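Residue strings, one per chain:
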Amino acid sequence: MPTPALSAEKLEKKYGNFTAVSGLDLRIEEGEIFSLVGPNGSGKSTTLKMAATILFPTSGKIEVFGSDTVGEPEKVRKTISYLPEEAGAYKTLTGLEYLDFMASVFLRDRAKAAEAVKYGSELSGLKDKLKEKIGTYSKGMTRKLLLSRAVMIRPRLAILDEPTSGLDIINGYEVRKTIKQLAKDGITFLISSHNMLEIEFLSDRIAIIYKGRILACDTPADLKKRFSTDNLEEVFIKLAQ
Amino acid sequence: MNIFLVLVKKEIKELLTRQLLISIAAMLLVFYVIGKVVGTQHKASEARNSDVVVLDLDGSALSKSLIGRLSGAGYRVKKTSIPCIDTALAAPEFKDDGLFMLIPAGLQKGLDAGRKGGIGFYSKFTNFSASATTVTASKIRRTITRVNDELSVYVLRKRSPSLDAGFAREPLAALEFVMVGGKLEQVSLGQALASIQSQIFFFPVAMFFIVILAAQMVMTSVASEKENKTLETLLSSPLDRWMLVVSKLSASALIAGALSGAYMLGMRSFMSGITAQAAAGAALPAQAALAKLGLIIAPSGYLLIGLSVLFCILCALSIAFILGVLSDSVKSIQVTIMPLMMLLMLSYILPLFIDINAAPLSVRLLLYAIPFTHAFTAPQNVMLHNNAQVLWGILYQAGVFAVFVTLAGKLFSGELLLTLKSPFKKA
Ligand SMILES: Nc1ncnc2c1ncn2[C@@H]1O[C@H](COP(=O)(O)OP(=O)(O)OP(=O)(O)O)[C@@H](O)[C@H]1O
Ligand SMILES: [Mg+2]
Numbered sequence: 001m002p003t004p005a006l007s008a009e010k011l012e013k014k015y016g017n018f019t020a021v022s023g024l025d026l027r028i029e030e031g032e033i034f035s036l037v038g039p040n041g042s043g044k045s046t047t048l049k050m051a052a053t054i055l056f057p058t059s060g061k062i063e064v065f066g067s068d069t070v071g072e073p074e075k076v077r078k079t080i081s082y083l084p085e086e087a088g089a090y091k092t093l094t095g096l097e098y099l100d101f102m103a104s105v106f107l108r109d110r111a112k113a114a115e116a117v118k119y120g121s122e123l124s125g126l127k128d129k130l131k132e133k134i135g136t137y138s139k140g141m142t143r144k145l146l147l148s149r150a151v152m153i154r155p156r157l158a159i160l161d162e163p164t165s166g167l168d169i170i171n172g173y174e175v176r177k178t179i180k181q182l183a184k185d186g187i188t189f190l191i192s193s194h195n196m197l198e199i200e201f202l203s204d205r206i207a208i209i210y211k212g213r214i215l216a217c218d219t220p221a222d223l224k225k226r227f228s229t230d231n232l233e234e235v236f237i238k239l240a241q
Numbered sequence: 242m243n244i245f246l247v248l249v250k251k252e253i254k255e256l257l258t259r260q261l262l263i264s265i266a267a268m269l270l271v272f273y274v275i276g277k278v279v280g281t282q283h284k285a286s287e288a289r290n291s292d293v294v295v296l297d298l299d300g301s302a303l304s305k306s307l308i309g310r311l312s313g314a315g316y317r318v319k320k321t322s323i324p325c326i327d328t329a330l331a332a333p334e335f336k337d338d339g340l341f342m343l344i345p346a347g348l349q350k351g352l353d354a355g356r357k358g359g360i361g362f363y364s365k366f367t368n369f370s371a372s373a374t375t376v377t378a379s380k381i382r383r384t385i386t387r388v389n390d391e392l393s394v395y396v397l398r399k400r401s402p403s404l405d406a407g408f409a410r411e412p413l414a415a416l417e418f419v420m421v422g423g424k425l426e427q428v429s430l431g432q433a434l435a436s437i438q439s440q441i442f443f444f445p446v447a448m449f450f451i452v453i454l455a456a457q458m459v460m461t462s463v464a465s466e467k468e469n470k471t472l473e474t475l476l477s478s479p480l481d482r483w484m485l486v487v488s489k490l491s492a493s494a495l496i497a498g499a500l501s502g503a504y505m506l507g508m509r510s511f512m513s514g515i516t517a518q519a520a521a522g523a524a525l526p527a528q529a530a531l532a533k534l535g536l537i538i539a540p541s542g543y544l545l546i547g548l549s550v551l552f553c554i555l556c557a558l559s560i561a562f563i564l565g566v567l568s569d570s571v572k573s574i575q576v577t578i579m580p581l582m583m584l585l586m587l588s589y590i591l592p593l594f595i596d597i598n599a600a601p602l603s604v605r606l607l608l609y610a611i612p613f614t615h616a617f618t619a620p621q622n623v624m625l626h627n628n629a630q631v632l633w634g635i636l637y638q639a640g641v642f643a644v645f646v647t648l649a650g651k652l653f654s655g656e657l658l659l660t661l662k663s664p665f666k667k668a
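Respectively, the protein sequence lines represent chains A and B.
Counting in my numbering, the first sequence runs without a single skipped number right up to 241 at its last residue.
Counting in my numbering, the second sequence runs without a single skipped number right up to 668 at its last residue.
No lab work stands behind these hints: they were computed from the structure.
Every value quoted in this text rests on a predicted model; they were computed, and no experiment measured them.
Accuracy of the hints is not assured; some may be wrong.
Unchecked claim - Lysine to aspartate or glutamate pairs mimicking DMTMM-like chemistry, simulated, CA-CA at most 25 Å apart: (1) B:K470 <-> A:E74; (2) A:K78 <-> B:E656; (3) B:K651 <-> A:E12; (4) A:K139 <-> B:D569; (5) B:K250 <-> A:E97; (6) A:K61 <-> B:D481; (7) B:K254 <-> A:D128; (8) A:K91 <-> B:D481; (9) B:K250 <-> A:E115; (10) B:K470 <-> A:E233; (11) B:K254 <-> A:E115; (12) A:K91 <-> B:D569; (13) B:K254 <-> A:D109; (14) A:K14 <-> B:D338; (15) B:K470 <-> A:D68.
Could you build the full structure based on these sequences and the hints that come with them?
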């Protein structure tokens, strides 16, 4: 079996006495688009943060391309790109300066960094607005800039927390198309979302998470079949009851 | 470009906001205005200092010569023919005058007959500012002594014409010496005090402002990255986390350094204006003596003070960095900065009122444990030739800095940064 892009075993995270994630087992193959779906506070962001090496599991382990996120975080960080939920950017920088800065943070090779900036500028679709300060951007513009930042460096694993929140229908659609295209190029995606339509359109596989536990994990089609419905939302509601 | 430089550049771009530039400009303006106002006030009160309104009811040869002598001694005598002191005090033409002298009729005759003369000195308050009251008091004392001198010369001449009245009145030639830090020079205490004051008066205030400003910068920088979650992105990147800490500290230290430089330049030109004015009167040998005493700080002294200030800023920055980690939003840093502000106030204000070296051991230990104290007292110590103490202070500051930077780095390499609940927030 090839090394999975991400694997979690008996993953648990406690904040003080509160257990946010418990006994989570996951396996994501390279090139997959994998979605975590669940109600507010179910532990999606917590799981993503552990995959992004910024939170440490209380017990269990999580590996990215075979490297442990706690034991070898430097190795993991070279392969991932993480987009936090509700993230902002440096308001006093222009969009272009921001992409430039982030490219040099992630890529030491200057030619590669320049290429990434070029690609990111195109992806963002912000055109001339890129020369203005981020402080003047709308919420959706900032989100698009951050999304472009996250994928422009072409990480092996992109961890996106609610990538399309705050985007309008057209922009949301474009972002989804881009994600699909990048997945075809071999980038693996771990995504969290509340938007069932988006999840169904995007995901190769879905894990439904509730109170820190995975209730079901399968392709959208198989999930619908298993719960004999043609609507993912209903699957979700049946599981949450 | 080196990644460290990229980080520092981004930090500086973030920190140098319009608000910061405006508040810096405002601060410099305040200092400039204070300097200007104090300078011109000084000159104005100096001028008014020599004004005296004289009501000569005696009209004798003595009273005339007395008035002439006062004029010769630099007083600006305003003679008035108003015969009544109450009217003169209330007269609109003398509304800005503070000193009136009433020479009663029969002064000369009385002295000739061996009776003490009674001259009235009236001072009128126009305001109660500290400088006005002390100036008025010393002016009265000076004027009375002067008048007394003149009258005693008159009496001596009258009684024994053969005597050298000037010599008899003042047979003493006072030679003033001042000893500082084991060095002895001939210079007046007044001059020495003026020189000390002129060089260290603004120092603690300016340092206080600069340190607070620098601390606020680094706290804002950390807290806003936390608030915007840009920090989470950086933490998940391949960047060495130490680099994040060091770049943030460096950027703030650079700006604070530039500020201190600007302040030093501004202060130098301002002070040189004042000292040039003073030096015009004072003899050059006095300047030389002051320099020998170390009361005019030499470049090496400035270097030592500068180093002490630099490490003071670094200590404050490293502590502020940790406080920034503890703040969950940019807004809350107004509260989170309090512990630092308190330490700074203690080490700023206490040494102004007490002699640290004579204070009880507990107070001394407390003050010297605060790294900022060493910088606040550095100019005094340099003037007193306690260079070793300044050096030890710098070493101690460097140690404190190292401890807090290590702590900050530890905080940045764990997850505490994201999960820590601010102790400053309820529940
Ligand atoms: N720093 C923290 N300290 C304490 N508890 C936390 C912390 N962060 C998250 N939690 C708790 O952990 C649980 C899971 O949070 P998490 O952010 O992972 O949820 P989520 O699934 O991403 O929710 P949402 O859909 O609202 O984004 C929540 O109950 C939350 O209150
Ligand atoms: Mg979330």
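Against the structure, the hints come out as follows:
1. B:K470 <-> A:E74: holds, 20 Å
2. A:K78 <-> B:E656: holds, 19 Å
3. B:K651 <-> A:E12: Given pair K651 of chain B, E12 of chain A holds - Cα atoms ~24 Å apart, limit 25 Å.
4. A:K139 <-> B:D569: Since the Cα atoms of K139 of chain A and D569 of chain B sit roughly 21 Å apart, the hinted pair holds (cutoff 25 Å).
5. B:K250 <-> A:E97: holds, 11 Å
6. A:K61 <-> B:D481: holds, 23 Å
7. B:K254 <-> A:D128: Distance of about 21 Å is within 25 Å: holds.
8. A:K91 <-> B:D481: holds, 24 Å
9. B:K250 <-> A:E115: With Cα atoms ~21 Å apart, K250 of chain B and E115 of chain A stay inside 25 Å; holds.
10. B:K470 <-> A:E233: Violated, at roughly 30 Å.
11. B:K254 <-> A:E115: holds, 24 Å
12. A:K91 <-> B:D569: holds, 18 Å
13. B:K254 <-> A:D109: Holds: K254 of chain B and D109 of chain A sit about 23 Å apart, inside 25 Å.
14. A:K14 <-> B:D338: The given pair, whose Cα atoms are some 79 Å apart, is violated under the 25 Å limit.
15. B:K470 <-> A:D68: holds, 24 Å
Of the numbered hints listed earlier, those contradicted by the structure are 10 and 14.
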